[in-house]
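Top line first, the protein sequences correspond to chains A and B.
Going by my numbering, the final residue of the first sequence carries number 171, and the count climbs one at a time with no gaps.
Going by my numbering, the final residue of the second sequence carries number 171, and the count climbs one at a time with no gaps.
Read the hints as simulated data drawn from the structure, not as lab findings.
Among the clues, some could well be false.
Heads up, the list lumps identical chains together, so a pair's fine if it works in one copy or across two of them.
Unchecked claim - In silico DMTMM-like pairs for lysine to aspartate or glutamate, Cα to Cα no more than 20 Å straight-line:
no. : residue 1 : residue 2
1   : K168      : E150
2   : K168      : E94
3   : K131      : D103
4   : K131      : E94
5   : K122      : E163
6   : K90       : D103
7   : K122      : E134
8   : K98       : D140
2 protein chains.
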Amino acid sequence: MAKIIVEVMLKPEILDPQGQAVASALPRLGFTSLKAATSVRQGKRFEIEIQGDPTPTQLAEAEQAAQSLLSNPVIETYIVKVEK
Amino acid sequence: MAKIIVEVMLKPEILDPQGQAVASALPRLGFTSLKAATSVRQGKRFEIEIQGDPTPTQLAEAEQAAQSLLSNPVIETYIVKVEK
Numbered sequence: 088m089a090k091i092i093v094e095v096m097l098k099p100e101i102l103d104p105q106g107q108a109v110a111s112a113l114p115r116l117g118f119t120s121l122k123a124a125t126s127v128r129q130g131k132r133f134e135i136e137i138q139g140d141p142t143p144t145q146l147a148e149a150e151q152a153a154q155s156l157l158s159n160p161v162i163e164t165y166i167v168k169v170e171k
Numbered sequence: 088m089a090k091i092i093v094e095v096m097l098k099p100e101i102l103d104p105q106g107q108a109v110a111s112a113l114p115r116l117g118f119t120s121l122k123a124a125t126s127v128r129q130g131k132r133f134e135i136e137i138q139g140d141p142t143p144t145q146l147a148e149a150e151q152a153a154q155s156l157l158s159n160p161v162i163e164t165y166i167v168k169v170e171k
């Protein structure tokens, strides 16, 4: 059983209000060592579970799905990888 | 520059309507090889960017933040890891 993982994050130049909210909440809630964090970004993670190892066709289609269905290419980037 | 990554996913026993919507959209949109996917789950990914390597204190606080701020322990699980 393997998983095709698609990670979708906002592009670095796009403002991320959710991430900023987390970044400002962290020190306020007592996580003072994380005040040194230069940035916090929030994104999405999709796990597509496959029986056995993914075929090259499945990986290619996951890549296409990541681009057209799971992310917005105007503001987001994605990474496709496989986890066993 | 390292990143502390927090991945938050719904627990396996919790219904994931967003994941199900993706799972049913994939074959409909022509990604027929992914019809064989046994499940699609959608979760969240946080990237906390740190100058240099994270200290043990920062990692411990990220773990606590993942539990108390970034996930809902009733319905979600989380993983904390470091990416260089």
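These are the hints, each one checked on the structure:
| no. | hint | result |
| --- | --- | --- |
| 1 | K168 - E150 | within (9 Å within a copy, 24 Å between copies) |
| 2 | K168 - E94 | both (8 Å within a copy, 15 Å between copies) |
| 3 | K131 - D103 | both (13 Å within a copy, 14 Å between copies) |
| 4 | K131 - E94 | both (6 Å within a copy, 9 Å between copies) |
| 5 | K122 - E163 | neither (26 Å within a copy, 25 Å between copies) |
| 6 | K90 - D103 | between (28 Å within a copy, 16 Å between copies) |
| 7 | K122 - E134 | between (31 Å within a copy, 14 Å between copies) |
| 8 | K98 - D140 | neither (30 Å within a copy, 23 Å between copies) |
Comparing the model with each earlier hint shows violations of hints 5 and 8; every other hint is respected.
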